[in-house]
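A.B. asks: If you want the building blocks of each chain, they are given just below.
2 protein chains.
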Amino acid sequence: MIGYCIATYRCYDDKADFAKKAQSIAVGLTVGSWTELPEAKKAAMEKHLGKVISVDVHEPVNLVAGERYADIRIAYPDVNFSRDIPALLVTIFGKLSMDGKVKLIDIEVSPEFESAFPGPQFGMQGVRDLVGVHNRPLLMSIFKSVIGHDLTGLEEQFYRQALGGVDLVKDDEILFENPLTPLEKRVETCMRAARKAKETTGQELLYAVNLTGPTSQLNANARRAIAAGANALLFNVLAYGFDALHELSADPTIHVPIAAHPAMAGAFYPSPYYGISANVLLGKLMRLAGADLVLFPSPYGSVVMPKEENMAVRDALLDPTISLRTSFPVPSAGIHPGLVPLILRDFGSDVIVNAGGGVHGHPLGTEAGGQAFRQAISAALAGQPLREAAVQAGNEALKAAIDAWGVREA
Amino acid sequence: MIGYCIATYRCYDDKADFAKKAQSIAVGLTVGSWTELPEAKKAAMEKHLGKVISVDVHEPVNLVAGERYADIRIAYPDVNFSRDIPALLVTIFGKLSMDGKVKLIDIEVSPEFESAFPGPQFGMQGVRDLVGVHNRPLLMSIFKSVIGHDLTGLEEQFYRQALGGVDLVKDDEILFENPLTPLEKRVETCMRAARKAKETTGQELLYAVNLTGPTSQLNANARRAIAAGANALLFNVLAYGFDALHELSADPTIHVPIAAHPAMAGAFYPSPYYGISANVLLGKLMRLAGADLVLFPSPYGSVVMPKEENMAVRDALLDPTISLRTSFPVPSAGIHPGLVPLILRDFGSDVIVNAGGGVHGHPLGTEAGGQAFRQAISAALAGQPLREAAVQAGNEALKAAIDAWGVREA
Numbered sequence: 019m020i021g022y023c024i025a026t027y028r029c030y031d032d033k034a035d036f037a038k039k040a041q042s043i044a045v046g047l048t049v050g051s052w053t054e055l056p057e058a059k060k061a062a063m064e065k066h067l068g069k070v071i072s073v074d075v076h077e078p079v080n081l082v083a084g085e086r087y088a089d090i091r092i093a094y095p096d097v098n099f100s101r102d103i104p105a106l107l108v109t110i111f112g113k114l115s116m117d118g119k120v121k122l123i124d125i126e127v128s129p130e131f132e133s134a135f136p137g138p139q140f141g142m143q144g145v146r147d148l149v150g151v152h153n154r155p156l157l158m159s160i161f162k163s164v165i166g167h168d169l170t171g172l173e174e175q176f177y178r179q180a181l182g183g184v185d186l187v188k189d190d191e192i193l194f195e196n197p198l199t200p201l202e203k204r205v206e207t208c209m210r211a212a213r214k215a216k217e218t219t220g221q222e223l224l225y226a227v228n229l230t231g232p233t234s235q236l237n238a239n240a241r242r243a244i245a246a247g248a249n250a251l252l253f254n255v256l257a258y259g260f261d262a263l264h265e266l267s268a269d270p271t272i273h274v275p276i277a278a279h280p281a282m283a284g285a286f287y288p289s290p291y292y293g294i295s296a297n298v299l300l301g302k303l304m305r306l307a308g309a310d311l312v313l314f315p316s317p318y319g320s321v322v323m324p325k326e327e328n329m330a331v332r333d334a335l336l337d338p339t340i341s342l343r344t345s346f347p348v349p350s351a352g353i354h355p356g357l358v359p360l361i362l363r364d365f366g367s368d369v370i371v372n373a374g375g376g377v378h379g380h381p382l383g384t385e386a387g388g389q390a391f392r393q394a395i396s397a398a399l400a401g402q403p404l405r406e407a408a409v410q411a412g413n414e415a416l417k418a419a420i421d422a423w424g425v426r427e428a
Numbered sequence: 019m020i021g022y023c024i025a026t027y028r029c030y031d032d033k034a035d036f037a038k039k040a041q042s043i044a045v046g047l048t049v050g051s052w053t054e055l056p057e058a059k060k061a062a063m064e065k066h067l068g069k070v071i072s073v074d075v076h077e078p079v080n081l082v083a084g085e086r087y088a089d090i091r092i093a094y095p096d097v098n099f100s101r102d103i104p105a106l107l108v109t110i111f112g113k114l115s116m117d118g119k120v121k122l123i124d125i126e127v128s129p130e131f132e133s134a135f136p137g138p139q140f141g142m143q144g145v146r147d148l149v150g151v152h153n154r155p156l157l158m159s160i161f162k163s164v165i166g167h168d169l170t171g172l173e174e175q176f177y178r179q180a181l182g183g184v185d186l187v188k189d190d191e192i193l194f195e196n197p198l199t200p201l202e203k204r205v206e207t208c209m210r211a212a213r214k215a216k217e218t219t220g221q222e223l224l225y226a227v228n229l230t231g232p233t234s235q236l237n238a239n240a241r242r243a244i245a246a247g248a249n250a251l252l253f254n255v256l257a258y259g260f261d262a263l264h265e266l267s268a269d270p271t272i273h274v275p276i277a278a279h280p281a282m283a284g285a286f287y288p289s290p291y292y293g294i295s296a297n298v299l300l301g302k303l304m305r306l307a308g309a310d311l312v313l314f315p316s317p318y319g320s321v322v323m324p325k326e327e328n329m330a331v332r333d334a335l336l337d338p339t340i341s342l343r344t345s346f347p348v349p350s351a352g353i354h355p356g357l358v359p360l361i362l363r364d365f366g367s368d369v370i371v372n373a374g375g376g377v378h379g380h381p382l383g384t385e386a387g388g389q390a391f392r393q394a395i396s397a398a399l400a401g402q403p404l405r406e407a408a409v410q411a412g413n414e415a416l417k418a419a420i421d422a423w424g425v426r427e428a
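So the sequence lines, in the order shown, correspond to chains W and P.
In this note's numbering, each residue's number is its place in the first sequence (first place is 1) plus 18.
In this note's numbering, each residue's number is its place in the second sequence (first place is 1) plus 18.
Don't read these hints as lab results, they were simulated from the structure.
Please note that a few of the clues may not be correct.
The list treats identical chains as one, so a pair stands whether inside a single copy or across any two.
Claimed, not checked - Derived SDA-like pairs (lysine to any residue); straight-line CA-CA distance at most 25 Å:
hint : residue 1 : residue 2
1    : Lys-119   : Val-322
2    : Lys-203   : Lys-216
3    : Lys-65    : Ile-24
4    : Lys-69    : Val-149
So here's chain W without its partners, still in its complex pose (with noise of 0.2 Å):
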């Protein structure tokens, strides 16, 4: 819809006129009044004015208490808010997330206001690119522990997971600036276990730093981490606000992919009637602000998201009609190499397929953690059961790494 963005919210009331709601939200959060205006003053005004959309009923056929709701659209003029994300999410969701039960399910923005944002810098392809990956789902893993360890301690444990043939490694979310392993030291030492790993497999490795600090430091920080040789981010977006995400990918001289973690997600999303669903909080506006990958809880492991808003976040960040890249889905939390083809059933070859535990709790090591997954990988692409690929020849890490965690066949 041209010059107006759309939000559409979920509204539970037993009794409500949904379609009177609708008018009083549409009117209410632009221009204040308006059946009492003047009209020549409502010709001026008619181009602030929300509209409502739609307003579909759920009627239940014997009413429960609490089970009566409404599906509510309404769109909001552009010209009511400047062009960033704050503004927007202020406009449809400030005061209105404070009237009852009420949870924001979607949001579409206009091409006009979509216009202002760049994006992810490198998208899929462009993070394929980078680690020259085109024909498999990428692998990452994360540190086990890295709180209280030290440099020699964070490149022992760098080396033997890149060791095992993993695409990218991550930082743990919660490991802050410290004097054991500051920002630059930390990503010098990476990089040194990046390059001398590479000597064995050949592999090129991103490694997402966790950029943290002061809100006015993030950018400069995260330019230090570069000229440190960092060659890509971790960023818990949800703890700053998406405009810092946004500042941060519409930064020329920030040319690294960002991941978003989704720290704090879960104070948002999971209620069926308040706050925001994953597909606009890590889905749309992820990739909106910027983010080259999203992680968020998968439908499979232990932090665990319904399968339903999982392909929904999958939709929104791969979505071919939004003109922006692409973000990567990156599936997480309980992943074990048994998992894979579920995950690739799900999200085929556009994910990539993030372990901590399950890779340094393998049976045999880290090395052969991420070994096991790559052999995993392998065989699901082949539409190989993995029971039978574990018993070949050469795949002795994905036969522990079966022993130990099983195996969900898609």
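Once you've looked at the hints, dock chain P against the given chain W.
C.D. replies: Below, chain P alone, put in the same frame as chain W:
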């Protein structure tokens, strides 16, 4: 607790071993693993290990699914994270927010952590000093509608509000940078109206102009507003993150009170199962980050927050055991003069009575709207029933307000 920040979580689970869960949080969100560490390593890592302070299980007599929960308190070593709110939140509620039904219900930061925060620059006392009012609750009014209005319209609205005897006027939080009423022009226009009204009322008045724009420009925009004459700021904290507020309040060149708007807070606090409770979100963290005034939904009006939660927010903003300046509580939404006795019962004089429709919707106009509130405040402070005060000579504005909206005596 020296050297530790303590988080309290309410975790719902019908079957969980909550003691075990608490232990897994304390270890998982700090050192990562513990029992399998060699003894020598344990000695080195001890200072990084989270500690379970208490696990208070609420075991329903007859188990109803979904009603069994535990309040779990975990102490996190300060040494694990930098002294900023993003680091604190990512540590205590980053990953954990996505791990089942878990709500962050309290935070107690260590004195060391708190020492990195100057807190409110003015606080309640400082704001009172600026307007020169120490013996009654303050009165704030909100523009009725602002979008689509030009400077002349805004000036007229501002003047009529000011004539009614309000102490503060705040922008609508959805008024962003726009060609009709750009920041500096808006400030100049409204402050001129304030000076003009002062000729009649003799009153000092704060105008909280809405601070918006790109994150990196917030402090510069604040300085522009101040240079144009602004004597207060309104800020949508949650759309930018608490650290952005901290960076404003800690900036010595931005020496005006900051009013924190709760826009988007409803995405966090209302669910019993998920998110962050209001006392933390709108209470402790707003004060820590330096809000001089904090707006939040009142339990009286249209946008409601349960009374108990409201009092918890108040307590967090005013808690005398915290060494930071207090933040002025501003319960908002749906307030009319007939609610003043309730507000004073719950907040005493330490409150800002804040109204939009309750001022502009007054049957005798905006000016009478402000007067009615001032008359209600005087009566309530004197312990006089409003209906009795309303029939006294000089209190015609109050009478008209009560005829329109009624009274709820305390």
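A.B. asks: Does each hint hold? Answer for all of them.
C.D. replies: Tested hints:
no., hint, verdict
1, Lys-119 to Val-322, "both (24 Å within a copy, 11 Å between copies)"
2, Lys-203 to Lys-216, "within (20 Å within a copy, 59 Å between copies)"
3, Lys-65 to Ile-24, "within (15 Å within a copy, 50 Å between copies)"
4, Lys-69 to Val-149, "neither (46 Å within a copy, 41 Å between copies)"
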